[in-house]
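> For my numbering, count along the sequence shown from 1 and bump the result up by 457.
Please note: incorrect hints may appear among the correct ones.
Said to hold, decoys possible - In silico DSSO-like pairs for lysine-lysine, Cα to Cα no more than 27 Å straight-line:
1) K518 - K528
2) K564 - K463
3) K520 - K499
4) K557 - K470
5) K498 - K564
6) K463 - K529
7) K557 - K509
8) K520 - K564
9) K597 - K634
10) K498 - K576
11) K634 - K520
12) K520 - K463
13) K557 - K520
14) K520 - K642
15) K499 - K564
16) K642 - K576
17) K528 - K576
18) K499 - K556
19) K520 - K556
20) K499 - K576
21) K463 - K557
22) K529 - K518
23) K597 - K564
24) K509 - K564
25) K528 - K556
26) K509 - K520
27) K463 - K518
28) K498 - K509
29) K470 - K564
30) K528 - K509
31) K470 - K528
32) K634 - K557
33) K556 - K509
34) K529 - K576
35) K518 - K564
36) K518 - K597
What the hints assert, rightly or not - Ranges between beta-carbon positions, derived for each pair:
37) E466 - V513: 28 to 38 Å
38) N610 - K576: 32 to 42 Å
39) V513 - Q601: 24 to 34 Å
40) T527 - K498: 36 to 46 Å
Source of the hints: derived by calculation from the structure; they are not laboratory data. Since the model is a prediction, treat every value here as computed from it, not as a measurement. Ideal placement from N, C-alpha and C gives every residue a C-beta, glycine not left out.
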Amino acid sequence: EDAAIKWTESLEKNQYNTNHHDIGFMMYCSYGNALRHGNNKKYEDILVQSAKSLIVRYNPKVKSIKSWNTKKSWNGVTWYFPVIIDNMMNLELLFYASKKTGNPVFKNIAMEHAETTMKNHLRSDFSSYHVVDYDTATGKVLYQQTNQGFSDNSQWARGQAWGIYGFTTVYRETGDKRFLSTAQKMADFYIHHP
Numbered sequence: 458e459d460a461a462i463k464w465t466e467s468l469e470k471n472q473y474n475t476n477h478h479d480i481g482f483m484m485y486c487s488y489g490n491a492l493r494h495g496n497n498k499k500y501e502d503i504l505v506q507s508a509k510s511l512i513v514r515y516n517p518k519v520k521s522i523k524s525w526n527t528k529k530s531w532n533g534v535t536w537y538f539p540v541i542i543d544n545m546m547n548l549e550l551l552f553y554a555s556k557k558t559g560n561p562v563f564k565n566i567a568m569e570h571a572e573t574t575m576k577n578h579l580r581s582d583f584s585s586y587h588v589v590d591y592d593t594a595t596g597k598v599l600y601q602q603t604n605q606g607f608s609d610n611s612q613w614a615r616g617q618a619w620g621i622y623g624f625t626t627v628y629r630e631t632g633d634k635r636f637l638s639t640a641q642k643m644a645d646f647y648i649h650h651p
């Protein structure tokens, strides 16, 4: 327990980190679990601030949270507003912040992000693209590619699992069966794809 607390508290400064989207991974998985096993008010405040930092990356035109800063794809395309399927793992932090503060803005952003991901990251067979890049002026999809998978049209097991977890979380928090259905169809693809 002492080691877990020491490790968790070493992350405290990241509550102000706006450089990337991984704040949910970093903060909710650590401080959220610490709260499950204890009752430290300071941890609650850290999580709310972490959520505030995460939504700085939200774009209302795209209706999504930017994952990475500008970077080049494997084939030299420049992504200016890349959103990766991994980002679904960060939404749990936003739902927590809405419940803790009573402010619906966090939940609303989480839902919009999930809806945008459902619309643009998923293929007809419910496998997922890793990266979708957007035009920030129009919200239009520019590219559907990969950064870590085999190819742009391959199925990436880790990303598929993040989608399943993320959509399940959104269903749990909203009761909206569209998200449950999406998680189930993504899971069916994962289980049955050779």
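> So, for every hint listed, does it hold in this structure?
Structure-based check of all given hints:
1. The hinted pair formed by K518 and K528 meets the criterion: a straight-line CA distance of about 20 Å does not exceed 27 Å.
2. In summary, the hint linking K564 to K463 is not supported, as the alpha carbons are separated by about 30 Å, beyond the 27 Å threshold.
3. Only pairs whose Cα atoms come within 27 Å are accepted, and K520 paired with K499 is rejected, the gap being roughly 31 Å.
4. Taking the CA atoms of K557 and K470, the gap is near 20 Å; set against the 27 Å cutoff, the hint holds.
5. Only pairs whose Cα atoms come within 27 Å are accepted, and K498 paired with K564 is accepted, the gap being roughly 21 Å.
6. Taken as a hint, the K463 and K529 pair is broken in the structure, with Cα atoms around 37 Å apart against an allowance of 27 Å.
7. Under the criterion of a C-alpha separation no larger than 27 Å, the hint pairing K557 with K509 is consistent with the structure, at around 13 Å.
8. In summary, the hint linking K520 to K564 is supported, as the alpha carbons are separated by about 13 Å, within the 27 Å threshold.
9. Between K597 and K634 the alpha-carbon distance is near 26 Å, which keeps this suggested pair within the 27 Å criterion.
10. Among the hinted pairs, K498 with K576 is inconsistent with the structure: their alpha-carbon atoms are about 38 Å apart, more than 27 Å.
11. Straight-line distance between C-alpha atoms of K634 and K520 comes to about 20 Å, which keeps the hinted pair within the 27 Å bound.
12. Restraint check for K520 and K463: the C-alpha separation of about 36 Å exceeds 27 Å, so the hint is violated.
13. With a C-alpha separation of about 23 Å, the suggested pair K557 and K520 falls inside the 27 Å cut-off, and the hint holds.
14. About 23 Å separates the Cα atoms of K520 and K642, which keeps this hinted pair within 27 Å; it holds.
15. About 22 Å separates the Cα atoms of K499 and K564, which keeps this hinted pair within 27 Å; it holds.
16. A hinted pair counts as satisfied when its Cα atoms are at most 27 Å apart, and K642 with K576 qualifies at roughly 14 Å.
17. A threshold of 27 Å between alpha carbons decides the hint, and for K528 with K576 the separation of about 23 Å falls inside it, so the pair holds.
18. For the proposed pair K499 and K556, the alpha carbon gap of about 16 Å is at most 27 Å, so the pair holds.
19. The straight-line distance between the Cα atoms of K520 and K556 is roughly 21 Å, inside the 27 Å bound, and the hint therefore holds.
20. For the suggested pair K499 and K576, the alpha carbons sit about 37 Å apart, so the restraint of at most 27 Å is broken.
21. A distance of roughly 24 Å separates the Cα atoms of K463 and K557; the hinted pair therefore holds under the 27 Å criterion.
22. Taking the CA atoms of K529 and K518, the gap is about 22 Å. The hint holds against a cut of 27 Å.
23. A threshold of 27 Å between alpha carbons decides the hint, and for K597 with K564 the separation of about 23 Å falls inside it, so the pair holds.
24. Note on K509 and K564: the hinted pairing holds, with a Cα-Cα distance of about 12 Å set against a maximum of 27 Å.
25. Taking the CA atoms of K528 and K556, the gap is near 34 Å; set against the 27 Å cutoff, the hint is violated.
26. This hinted pair checks out: K509 and K520 have alpha carbons roughly 16 Å apart, not beyond 27 Å.
27. With a C-alpha separation of about 40 Å, the suggested pairing of K463 with K518 is violated against the 27 Å cut-off.
28. For the suggested pair K498 and K509, the alpha carbons sit about 17 Å apart, so the restraint of at most 27 Å is met.
29. A distance of roughly 24 Å separates the Cα atoms of K470 and K564; the hinted pair therefore holds under the 27 Å criterion.
30. In summary, the hint linking K528 to K509 is supported, as the alpha carbons are separated by about 24 Å, within the 27 Å threshold.
31. Between K470 and K528, the direct Cα distance comes to roughly 25 Å. Compliance with the 27 Å bound is thereby established for this hinted pair.
32. Pair hint K634 plus K557 holds up; C-alpha atoms about 24 Å apart against a cutoff of 27 Å.
33. Distance check on the hinted pair: K556 and K509 sit about 14 Å apart at the alpha-carbon level, within 27 Å; holds.
34. For the hint linking K529 to K576, the alpha-carbon distance of about 24 Å falls within 27 Å, and the restraint holds.
35. Between K518 and K564 the alpha-carbon distance is near 17 Å, which keeps this suggested pair within the 27 Å criterion.
36. Taken as a hint, the K518 and K597 pair is honoured in the structure, with Cα atoms around 9 Å apart against an allowance of 27 Å.
37. As the Cβ distance of E466 to V513 is approximately 23 Å, the hint placing it in 28 to 38 Å is violated.
38. At roughly 18 Å, the beta-carbon separation of N610 and K576 lies outside the given 32 to 42 Å, and the hint is violated.
39. The hinted range of 24 to 34 Å is satisfied by V513 and Q601, whose Cβ atoms lie roughly 25 Å apart.
40. Judged by the Cβ atoms, the range 36 to 46 Å given for T527 and K498 holds: they are separated by roughly 38 Å.
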